[in-house]
Amino acid sequence: MSNPFLTPPAKPGHGIIHLALLPPSTPRLRTASYQYPLKLVSPSPTRLEDETRCLVHTIYILTYGGGLVAGDSIDLTVTLEHTTRLILLTQGSTKLFKSPSRELVSKQRITVNLAPESALCYLSDPVQPFEHSCFEQSQIYNVTVPSFSAEHTASLCVLDWVSSGRPANGENWSFRHYGSRNEIYLCFPDGKHRLLLRDNIMLDDQHLEGSITDRMHGLAVFGTLVLYGPLCKALGQFFVDEFKALPRLGGRKWDSGSESGDEEADAAMIKRFARHRQGTIDGVLWSAVPLRGCVVVKFGAPTLEGARRWVRDMLLHEGSVVKNFGERALLCLR
Amino acid sequence: MTTASLHALLILSDSALPLGSFAFSSGLESFLAHNKQRHTNSHARLTAFDAFVEQSISNIASTALPYVLTAYDDPTQLEDLDNDFDASTPCTVARRASVSQGRALLGIWERALSTSAASTAPSQNAAKECTAFALAYKSAKPDAFGLQLNGHFPPLFGAACSALGLSAEDTAYLFLLNHAKALLSAAVRASVMGPYQSQAMLASSKLQACIRACIERERGARADDAAVTVPAMDLWMGRHELLYSRIFNS
Chain A
5 MSNPFLTPPA KPGHGIIHLA LLPPSTPRLR TASYQYPLKL VSPSPTRLED
55 ETRCLVHTIY ILTYGGGLVA GDSIDLTVTL EHTTRLILLT QGSTKLFKSP
105 SRELVSKQRI TVNLAPESAL CYLSDPVQPF EHSCFEQSQI YNVTVPSFSA
155 EHTASLCVLD WVSSGRPANG ENWSFRHYGS RNEIYLCFPD GKHRLLLRDN
205 IMLDDQHLEG SITDRMHGLA VFGTLVLYGP LCKALGQFFV DEFKALPRLG
255 GRKWDSGSES GDEEADAAMI KRFARHRQGT IDGVLWSAVP LRGCVVVKFG
305 APTLEGARRW VRDMLLHEGS VVKNFGERAL LCLR
Chain B
456 MTTASLHALL ILSDSALPLG SFAFSSGLES FLAHNKQRHT NSHARLTAFD
506 AFVEQSISNI ASTALPYVLT AYDDPTQLED LDNDFDASTP CTVARRASVS
556 QGRALLGIWE RALSTSAAST APSQNAAKEC TAFALAYKSA KPDAFGLQLN
606 GHFPPLFGAA CSALGLSAED TAYLFLLNHA KALLSAAVRA SVMGPYQSQA
656 MLASSKLQAC IRACIERERG ARADDAAVTV PAMDLWMGRH ELLYSRIFNS
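If you read the protein sequences in the order shown, they are chains A and B. Counting from 1 along the first sequence, just add 4 to a position and that's the residue number in the numbering used here. Counting from 1 along the second sequence, just add 455 to a position and that's the residue number in the numbering used here.
What the hints contain is simulated information worked out from the structure, not anything from laboratory work. Glycine included, every Cβ here is placed at the ideal spot set by N, Cα and C. Worth double-checking, as some hints may not be accurate.
[Said to hold, decoys possible] Under the rule of at most 25 Å between Cα atoms (straight-line distance), these lysine to any residue pairs were calculated in the SDA-like manner: (1) B:Lys661 / A:Ser215; (2) A:Lys248 / A:Gly323; (3) B:Lys596 / A:Ser215; (4) B:Lys491 / A:Ala249; (5) B:Lys596 / A:Phe192; (6) B:Lys661 / B:Ser470; (7) A:Lys237 / B:Asp598; (8) A:Lys196 / B:Asp535; (9) B:Lys596 / A:Arg198; (10) A:Lys196 / B:Asp680.
[Stated by the list, open to error] Here are the computed distance ranges between Cβ atoms for each label pair: (11) A:Arg51 / B:Phe477: 56 to 62 Å; (12) A:Gly254 / B:His498: 20 to 26 Å; (13) A:Ile144 / B:Gly601: 19 to 25 Å; (14) A:Tyr64 / B:Thr575: 39 to 45 Å; (15) A:Gly254 / B:Ala567: 54 to 60 Å; (16) B:Asp598 / A:Ala172: 50 to 56 Å; (17) A:Met273 / B:Glu671: 51 to 57 Å; (18) B:Ser497 / A:Tyr64: 49 to 55 Å; (19) A:Ile144 / B:Gln663: 47 to 53 Å; (20) B:Ala567 / A:Gln210: 55 to 61 Å; (21) B:Ala655 / A:Met273: 26 to 32 Å; (22) A:Lys275 / B:Leu501: 38 to 44 Å; (23) B:Pro577 / A:Met273: 41 to 47 Å; (24) A:Ile144 / B:Asn490: 56 to 62 Å.
[Stated by the list, open to error] Some but not every residue of chain B turned toward chain A, in silico, with C-beta under 8 Å: (25) Leu472; (26) Phe477; (27) His489; (28) Glu534; (29) Ala542; (30) Cys546; (31) Thr547; (32) Ser594; (33) Ala595; (34) Ala599; (35) Leu604; (36) Ile670; (37) Arg672; (38) Ala676; (39) Val683.
Take the sequences, apply the hints, and build the full model.
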């Protein structure tokens, strides 16, 4: 029998989230424990409006001071039981404060264990590394597969993005070191693991002769959106289709002017053109890649607001994030 | 260096080796197309290309070199490395380039090089693993998750170099130099620079220093630690598909 009282993990920065399933179908937050400097806040769960009437839990991952001071280390373990759904949110961008030396690295590690048919939506605010900061984070998703088949697996919709710092203070990718790793592992019934997807970015001011600014080619934000599993399938397909429909570079723009065909274009097409226009104004560069059952969307933009608007518009227009997780899932993108 | 390993080195660095590397620009063509407004004259284009070469070498060194060297050290891991490299390359165009060159290398190995493996024990072992991989690759079928052997280039290159008796140092240098050669050749054909200028850049001490620095940086890196160091490279590569007209495959 499990202990009904919270037993906080002993180490600083450690946290545990355990979303259990009370039979037959009531998800319950069994554990949400944390230690300074980590703080977890869980508002009451929301019930979806659709026919599933699914209960979706939400947890805010907070840190004191809104970020990580040099040497801070966060280690969060999340366990999602069968069919449970969780939204992870942050409250404002995660600030990374300056580090006195290259050796003092702040770390954040999030490990998520997903049982079959569970789902995680982690659309956070961007990470904001200040001048001279040193930071590494890893997000590891262990997806348990029920049998040797791809059906009934868990679903993932996770966003990992980083901004150039505080532009108002003249910061433009002025940190010392930033590393972010996202990995999805398939865990088979026989105990074996297999790497399904890895997205590992490492920016270090000593790697190349030029500054990190030169390497970013005028982008103020760079991000990766990873989509996996049955609940995110439609969304992934939407990104892939939209990417294919982007206007060709160096081609003629035949759609300018008012030709007779325009009136027949359906509503979806009109919206798509509007998004393309806004995307061009905001200078969003993106690509969507279907691989190994996942869809990976990479994007960059010269302004943070442009990128935020683009991600939100895409997710809102497709609609399945709101449908499967509720409106709260998009709070960080407002 | 023995004459035997020098011989193998020269063969693997020869542009006549039918790997098809000349068909790929590693994002250069897309980079030029995206920045047309910014690079108004040929001088601006050349300066931008200069930075691009360095960034591209740095990025290929951080993403692929650990795989080359891990496969060189332990060719028995070839299949796992192939899976992990496949999982770590979320870019359609880069995957296409890697798989197509990897397959070409497998073909060359089977038809031409397999009989010329060096006689030392590690080389014989690597040769055995290359042949086994080539065999497994032919009968590879996707499993329930749609995963299968892909034949990615970097691990296979490492194993093949080991089989032919090259040193680890030479293997790393060769891998990056071949990348630089492909880039510079693409630059000539994309009319960024002339052939003499391209050779001058290839021979320059700046390029040598860049390659050496990248090798030094990746020394001892495990394949698990391979990372993208120039994220914009992924965008240029990924968006190559959007070019209205293109002369390269990547």
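Enumerated hints in conflict with the structure, sorted upward:
3, 14, 15, 19, 20, 21, 23, 24, 25, 26, 28, 32, 33, 35, 36, 38
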